[in-house]
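Once you have looked at the hints, place chain B on chain A.
Next come the chains, spelled out residue by residue.
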Amino acid sequence: MPSRRWPEAGLAAALLLLGLAILLPASAAGPVSPARQAELRHLLIHDCGSCHGMTMRGGLGSPLLPSALEGRSDALLVEVILGGIRGTAMPPWAGEITEDEARWMVRLLRQGGLP
Amino acid sequence: MIARRGLLGAAALAAGTLPLRAGTAAAAPAPALRGSGDLGLVIERASGSILLIETSGRTAIGRVEGLGDLSHAAAVFSRDMRYAYIFGRDGGLSKIDMLRGALVARIVQAGNSIGGAISDDGALIAVGNYQPGGVKLFDSASLALKADIPASFGGAGARSKVVGLADLPGRRFAYSLFDAGEIWVAGLGANGTPEVQRFADVGRQPYDGFVTPDGRHYVAGLFGEDGLARIDFWQAEPRSQRILEGYGRGEEPLPVYKMPHLRGWAAAGEKLFLPAIGRHELLVVDRRSWTEIGRVATHGQPVFAVARPDGRHVWVNFAHPRNDVVQVVDTLSHEVVRSITPGRAVMHMEFTPRGEQLWLSVRDANRVDVHDTRSLERIATLPAQAPSGIFMAARAVRIGF
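If you read the protein sequences in the order shown, they are chains A and B.
Residue 646 is where the first sequence starts when you use the numbering used here, and the numbers rise one by one after that.
Residue 14 is where the second sequence starts when you use the numbering used here, and the numbers rise one by one after that.
Derived by calculation from the structure, the hints in this document are not laboratory data.
These stretches of chain A come out as covered by chain B in the derived footprint (C-beta under 8 Å, 3 or more residues):
#1 691 to 704
#2 731 to 737
To give a feel for the contact side, a few chain B residues facing chain A, derived at Cβ under 10 Å:
#3 59
#4 83
#5 127
#6 269
Every beta carbon over 10 Å from chain B, so not counted as near; a handful from chain A, in silico:
#7 677
#8 685
#9 686
#10 713
#11 724
#12 743
#13 749
#14 753
#15 757
Given the structure is predicted, the values throughout are model-derived calculations rather than measurements.
Even glycine gets a Cβ: it sits at the ideal position worked out from N, Cα and C.
The shape of chain A in the complex, shown without the other chains (with noise of 0.2 Å):
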């Protein structure tokens, strides 16, 4: 019975943006618009919250409160968003998430006071 796995082009995706992410200065992260900013929250409260909680304080899946996330790293969160993580019920969302649009979203989670 093989286990339930992600498929590797989303994973080679999530690895591509994190490589560029690397590769490219932090002045080159594009900014968020404000529209995309309020459809990015929009998901976060409803979509990411049908399994973290709409507060964020945790479902199926992990809490996403601001002390949940202490101790881990913005790009390993990015990393986590972009690519799911594996054997878990975190999918990837590489592609409709851009690695600039992650980064905005952990910095969103972090502030708290969702939703």
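Structure of chain B alone, referenced to chain A:
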């Protein structure tokens, strides 16, 4: 105890007004007598409220607020169909008087909760909890705690998240342990102490479960492998068996952006329609042999598939990002007969008791739509605040609901 009233005497209804946010009942006329068989409620997930609805005139008749975090909230009903019990994500358990439109009792019983069930005799409310992982049983009248059953496994103090809690005949509840890969059946013994029957090694990561309409089988979907686990409780010595093993045929599944829900899943005539995890497919299963007899190619990854009460059609909604569409499947031909696009984030669908109407929630449009299930056309629409689950009071008389 804050009891917000949202109902509505007959006079208010006749005048076409909707006292949704009336702060006091002092000025309201005495409500006319009415039954509750055509009532229901809509979860308004972002505002911690429920909208009370009636399906004869297809209107909203009130709103009850102050129910906490209602993301992923679910409801069960008392056997007299008067009271609704709402299970909130934040561990809240709220008891609503559907006739008075009032919150009558509320407790916060855990840190993080996923859903619940009511016993066949109506006496016990069971709640499944993620944190701390386990099941608690409450007196349905007072909400007093009757039993606390930790979902312990592995011997090192670990507790599993509980999913797929459903009532079984005989004042029992079946549920799955996501982290432990087990199914448990719990009830109260003669002296009031909990009695638990454990089924180990049912499969990897059971993510939800349901009881068949006859109360005979409990079926758990598995996230960690291609297959489902089934227990036949009519047998003298029930045991867990794998069914539909390897339905993915070794192909890589797609990423799953929303877990399917099995509660309320589609038993239609002699067939079951089940989700293929990570696939744009329904699996059609023969209810006697529990083998696959067909597949239905769908618009996206199914989240809910609910059978019209007569079993002639199954309505399906889908996971993000393909959640703007619902499809209607013919249960004889296994073909999609209609695709409807209500709008972004169709969260849930619920039939009226005899199935002549289907109500569906469109979260991002702040709208609930009502469809005629013969013509499939929309016949009414109601405003609601980020609506998700829709629950009709007639669930009270159904096993496994």
